[in-house]
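Protein chains: 2
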Amino acid sequence: MSEAQMPTPRTRVVREAHRGVYDRQTAYAILDEGFLCHVGFSVEGQPFVIPTLYGRQGDSLFLHGSAASRMLRQMKQSLPVCVTVTLVDGLVLARSIFNQSMNYRSVVVLGKATLVDDPGGKREALRLFSEHVIPGRWADVRPPNERELKQTSVLRLPIEEFSSKVRTGPPVDDEEDYSFPTWAGVVPLEMKSGDPIADERVPAGQAVPKYAQRYARKP
Amino acid sequence: MSEAQMPTPRTRVVREAHRGVYDRQTAYAILDEGFLCHVGFSVEGQPFVIPTLYGRQGDSLFLHGSAASRMLRQMKQSLPVCVTVTLVDGLVLARSIFNQSMNYRSVVVLGKATLVDDPGGKREALRLFSEHVIPGRWADVRPPNERELKQTSVLRLPIEEFSSKVRTGPPVDDEEDYSFPTWAGVVPLEMKSGDPIADERVPAGQAVPKYAQRYARKP
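Order-wise, the sequence lines are chains A and B.
Residues 4 to 222 (the working numbering) are what the first sequence spells out, left to right.
Residues 4 to 222 (the working numbering) are what the second sequence spells out, left to right.
Fair warning: there could be bad hints in the mix.
Unchecked claim - Below 20 Å or equal to it, Euclidean Cα-Cα: the simulated DMTMM-like pairs (lysine to aspartate or glutamate) are: (1) Lys-153/A / Asp-180/B; (2) Lys-115/A / Asp-180/A; (3) Lys-115/B / Glu-47/A; (4) Lys-221/A / Glu-193/B; (5) Lys-115/B / Glu-164/B; (6) Lys-153/B / Asp-35/A; (7) Lys-153/B / Asp-180/A; (8) Lys-221/A / Asp-92/B; (9) Lys-115/A / Asp-62/A; (10) Lys-153/A / Asp-177/A.
Derived by calculation from the structure, the hints in this document are not laboratory data.
These figures come from a predicted structure and were not determined experimentally.
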């Protein structure tokens, strides 16, 4: 795992360049904390951006590939995509509106996605999605059968060309604005879970599994 | 405001078609609850997906347009984009892995974005972004000056071609799986705010404004 990945001209952060981070460790920590990505691809010059689940295994991303995979099948080749994962950490209230900001961590991965076509690979990807979203669940579910694997579409994207962008900490105002008489600071934001809701056909008294209690994304 | 917008072939939901929703009311409720969008555009055949803030005014979306606007300026014309907003409402734990799902609400808007070039329009967009993210803040901040407006880039996207996709409620398992002995249900998820953190130069004793206390996105 290279710790000092160089950005390419396509992944170098241009705006707010000081927020660009290019090592795999930072990117993988963000990818592992999130579970929803937005995958972008083009059809006849029109970009599409579709939210979908993903998982990471080593230096590959696996995507639940419904929309994009249909297109890929038509093309019968690999598909240029952009996968972006964004974690929102807080609102940054500066004294000037111009310095208002957001604390966040995002990763952009560019590359060519290919279909995972063999049932074994698809099964492994389903396990990956499941364990990525809710670790421990896989052992408790009815596993996929052959028919279901046929209906599942999975894309693999090598994590080769990527960059992260990270903003943390308090607002940064222009020096002359610090005397402006308004409150300034950060409103922290985090994805939080509520109490699990059993469906109507769970037998009364059946315990909620540990992994569904106090579910959280932060490591 | 049309209540029965027809989808175009490009916005019709194909996968899980029963989750497609095409009225403006649904789309606008989602757009108004979220504040972060993912905007997709293409450069020389490579799609890019960039997270950014947005605001809505009537039937237009306004985007904080850093990355995309640089490109647009080169093209000197409008830019085909896709703007996607996704709200995550919960994890859906079904008995079969195949029916594992997520409760979410998303909107996809396709169209051509144009630069907002006049200072008045940019100022209004900054107000819109601010009030969209944290209503009430605009009145308390140092407003943008001429230099800052010059550095601000804003894109406008008419909301003409769009669709929403919504999943709510408990897992839906195949009938034969309901006897499978595992817990099934929903883990609700919501973006929650923590206690506001004043920066070091806020005078001791200065009250946290109301809009920053118990901040929440749900209406």
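Do the hints match the structure? See the list:
no. : hint                  : verdict
1   : Lys-153/A / Asp-180/B : holds (19 Å)
2   : Lys-115/A / Asp-180/A : violated (46 Å)
3   : Lys-115/B / Glu-47/A  : holds (14 Å)
4   : Lys-221/A / Glu-193/B : holds (14 Å)
5   : Lys-115/B / Glu-164/B : holds (10 Å)
6   : Lys-153/B / Asp-35/A  : violated (38 Å)
7   : Lys-153/B / Asp-180/A : holds (19 Å)
8   : Lys-221/A / Asp-92/B  : holds (17 Å)
9   : Lys-115/A / Asp-62/A  : holds (14 Å)
10  : Lys-153/A / Asp-177/A : violated (58 Å)
In this structure, the earlier hints numbered 2, 6 and 10 are contradicted, and the remaining ones agree with it.
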